[in-house]
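Asks: Residue numbers (the working numbering), protein chains in the order written: chain A, 1 to 232; chain B, 1 to 409.
Derived by calculation from the structure, the hints in this document are not laboratory data. Any given hint could be a false lead.
[Claimed, not checked] With a Cα cut of at most 35 Å, we get these calculated DSBU-like pairs of lysine-lysine: (1) A/K36 to A/K127; (2) B/K96 to B/K166; (3) A/K11 to B/K98; (4) B/K98 to B/K256; (5) B/K259 to B/K312; (6) A/K205 to A/K141; (7) A/K42 to B/K125; (8) A/K10 to A/K119; (9) B/K31 to A/K10; (10) A/K5 to B/K108; (11) A/K5 to B/K125; (12) B/K233 to A/K10; (13) B/K371 to B/K255; (14) A/K158 to B/K212; (15) B/K166 to B/K140; (16) B/K395 to B/K283; (17) A/K127 to A/K5; (18) B/K166 to A/K5; (19) B/K31 to A/K5; (20) A/K5 to B/K89; (21) A/K218 to B/K323; (22) B/K323 to A/K215; (23) A/K36 to B/K312; (24) B/K207 to A/K5; (25) A/K105 to A/K127; (26) B/K312 to B/K96; (27) A/K205 to B/K125; (28) B/K140 to B/K74.
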Amino acid sequence: MEQNKHIDWKKYVITFFITATIFGTAIYASSYFNNKRIDEIKSIQESISTNIMSSETQVSLLSDIDCDDVGSSMLSSELNSLASRIEYSEKNISNADEEVLQLKKAYSLLEIKDYLLMKRLSQRCNKQFVFALYFYANSTKCPDCDKASTILTYLREKYPELRVYSFDYNLDLSALKTLITISKIKDDLPAIVIDGKAIEWPQDKDSLEKIIKAKYPKDAKVATTTTATIKK
Amino acid sequence: MQTIVNIIGTSVIFFSLYFEVFLLISLFESKKKRKLSSNLEYFYPPVTILIPIWNEETTIVDTIESLLNLDYPKDKLHIMVIDDGSTDKSLEALQKFKGHPIVEVHSKPNGGKFTALNFGIERMKTDFIGCLDADSFVEKNALKFIMRRFTDPEVMAVTPSMIIEKPSNILRKMQRAEYSYGNFMRKAYGSIGAIHITPGPFSFFRKEVFEKIGPYKHAHNTEDMEMAMRMQKNHMLIVNEPTALVFTVGPDTIKKLYKQRVRWVSGFLGNLIDYRDMLLNKKHGDLGLIVLPFALFGILMSLVTITISLYKISIQVIEAIQKILTVGFSAPQFDFSWFFIDTSVLSIMTVTLIFFIISLIMYGYRTVYGKWSISLEMFYFIFLYSFITPFWLMKSVYNNIKGVHAPWR
């Protein structure tokens, strides 16, 4: 008895279309969520931008800014939330590189503005912060950058009055290039500037902690909360 | 590297999903056709059931008793137990059936399961023959459900649905989910004439199968697969009867499971090499064009999937170790925002595929238990089994390359 071995090619084609439709739906859903992410980043950036402008305006008007409000938490949680989202997007949203890059530029600009503002406020309110500018590149160009990011995140957890601003050294942003120039940073990365002075990358946590501890206000608390340091 | 992983992962998922969709469409199509043959009349021809045994003292009595409880005319039933040189008390246990009108016990020197089956085939006097492994038990309606499929003169062999009986540990629970998935696959393969294994537990044949294509062969210790492949090569129709239920116990330790699976997969690869001319050969219909190539691809896919998973896990572990070495141990902090949920195409498709597989396992359960249900063992099967499967796959591939024969026990 011979079995009929007829091949139903139509079924193969229909199967292909159904599978392709399921795939197409997955691609659409993935793209939808990525767009939502970018919208969320934009929304956070707008919120930070408004807050910074508000603070700048207050300072410019020489009005009585409430020095009690000037603390480690000021804007830092938003900035760090933004940092972790941009870092995630850089790693995971491959089809929106240009858009993420623009968001990263905007973020770097906000960091610079926050840095300048916080410096002015700390003088006005006699608050002592330790400001750290951290310049990184991707791990191919800077093998030590991942380690430096981890150490700075840890130190920021431990020292709430330490304000870390991280910048992608290769980002094409004129304000950042100016900051790099005035901070006298060469392309030997990672580069760290503590309170305006470039230091040599100390290689390990203890050495960097020692430098920060020396600058850290004696009466400031040592806390345990943490925020992310953007890394590439 | 990440891009390569994504491309490979996405391709694997695309082909897997294609195959699942293909089987589902085939099954739905056959359901329409089956309506015409759903009222098959019961058919009670004389039938011989062979039970090859080798050291089965603990299970053989229950196995025979389950056959004696079959709802089938006893004057049409003939049970032939062939002891393949057991060294335990199997023969002593079989004394219980001495003089039984339908149970016949034979003993022969050890030669392997296929020799025991051939011993029975040579002595059979009926037009239909089935076999049952001595660690399996049948549901009382199983035989009559199977035999009615032979009312179609085209049908040369019928396979049952297999179930892991009362799983006692997590390993057996995983096997129960696996067998349910297997039941779906067998049913779907049956719908396109692509069954390529006639399982040892309770597959039935017309006598003419052996007369035309010969007896069982050693076939890399997987004589049940070789017989089905040989039948397919000779264009003999094998169908599945999902309502015929056979219970088996399944290995209870990883070591036993590993040995069993190395034998199965090594045998599968060995037989596939022997019957390689059937691969991608449209003369053999869907079996040649999609089922066999995909079965082979499935082995490769499993190895690729585990490699990708291990690659991803190792990156996480290395990062965690580097962090500990750099700044010491600190409790990880999580941001539970939806933002950080992985919604890449690969992840969405992986979830879709898992959803598909769970649905198909549920379908397999429904076939057996008559209702839809979801249980933890399905997730054990998908998430834990994936990590142990590659070990026996790799060993089986190695065996085939090196020409090592996996032992029967």
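Asks: Does each hint hold? Answer for all of them.
Replies: Tested hints:
1. Restraint check for A/K36 and A/K127: not satisfied, since their Cα atoms lie roughly 38 Å apart, outside the 35 Å limit.
2. Note on B/K96 and B/K166: the hinted pairing holds, with a Cα-Cα distance of about 26 Å set against a maximum of 35 Å.
3. Restraint check for A/K11 and B/K98: not satisfied, since their Cα atoms lie roughly 55 Å apart, outside the 35 Å limit.
4. Under the criterion of a C-alpha separation no larger than 35 Å, the hint pairing B/K98 with B/K256 is consistent with the structure, at around 33 Å.
5. Of the supplied pair hints, the one linking B/K259 and B/K312 holds, its CA atoms being roughly 29 Å apart against a limit of 35 Å.
6. Taking the CA atoms of A/K205 and A/K141, the gap is about 21 Å. The hint holds against a cut of 35 Å.
7. Distance hint between A/K42 and B/K125 is unfulfilled; the C-alpha atoms sit about 82 Å from each other, more than 35 Å.
8. Annotation: proposed proximity of A/K10 to A/K119 is violated, straight-line Cα distance about 71 Å (limit 35 Å).
9. The straight-line distance between the Cα atoms of B/K31 and A/K10 is roughly 18 Å, inside the 35 Å bound, and the hint therefore holds.
10. At most 35 Å may separate the alpha-carbon atoms for a hinted pair to count; A/K5 and B/K108 exceed this at roughly 41 Å.
11. For the proposed pair A/K5 and B/K125, the alpha carbon gap of about 32 Å is at most 35 Å, so the pair holds.
12. Among the hinted pairs, B/K233 with A/K10 is consistent with the structure: their alpha-carbon atoms are about 24 Å apart, no more than 35 Å.
13. Of the pairs offered as hints, the one joining B/K371 and B/K255 holds, with about 33 Å between alpha carbons and a cut-off of 35 Å not exceeded.
14. A threshold of 35 Å between alpha carbons decides the hint, and for A/K158 with B/K212 the separation of about 82 Å lies outside it, so the pair is violated.
15. In summary, the hint linking B/K166 to B/K140 is supported, as the alpha carbons are separated by about 17 Å, within the 35 Å threshold.
16. For the hint linking B/K395 to B/K283, the alpha-carbon distance of about 32 Å falls within 35 Å, and the restraint holds.
17. Restraint check: the Cα-Cα separation between A/K127 and A/K5 comes to about 85 Å, which exceeds 35 Å; the hinted pair is violated.
18. A threshold of 35 Å between alpha carbons decides the hint, and for B/K166 with A/K5 the separation of about 39 Å lies outside it, so the pair is violated.
19. For the given pair, B/K31 sits about 19 Å from A/K5 by alpha-carbon distance, which is consistent with the 35 Å threshold.
20. Distance check on the hinted pair: A/K5 and B/K89 sit about 48 Å apart at the alpha-carbon level, beyond 35 Å; violated.
21. For the hint linking A/K218 to B/K323, the alpha-carbon distance of about 28 Å falls within 35 Å, and the restraint holds.
22. Annotation: proposed proximity of B/K323 to A/K215 holds, straight-line Cα distance about 25 Å (limit 35 Å).
23. Distance check on the hinted pair: A/K36 and B/K312 sit about 26 Å apart at the alpha-carbon level, within 35 Å; holds.
24. Taking the CA atoms of B/K207 and A/K5, the gap is near 23 Å; set against the 35 Å cutoff, the hint holds.
25. In summary, the hint linking A/K105 to A/K127 is supported, as the alpha carbons are separated by about 29 Å, within the 35 Å threshold.
26. Proposed proximity of B/K312 and B/K96 is contradicted: the alpha carbons are some 58 Å apart, above 35 Å.
27. Restraint check: the Cα-Cα separation between A/K205 and B/K125 comes to about 85 Å, which exceeds 35 Å; the hinted pair is violated.
28. Note on B/K140 and B/K74: the hinted pairing holds, with a Cα-Cα distance of about 13 Å set against a maximum of 35 Å.
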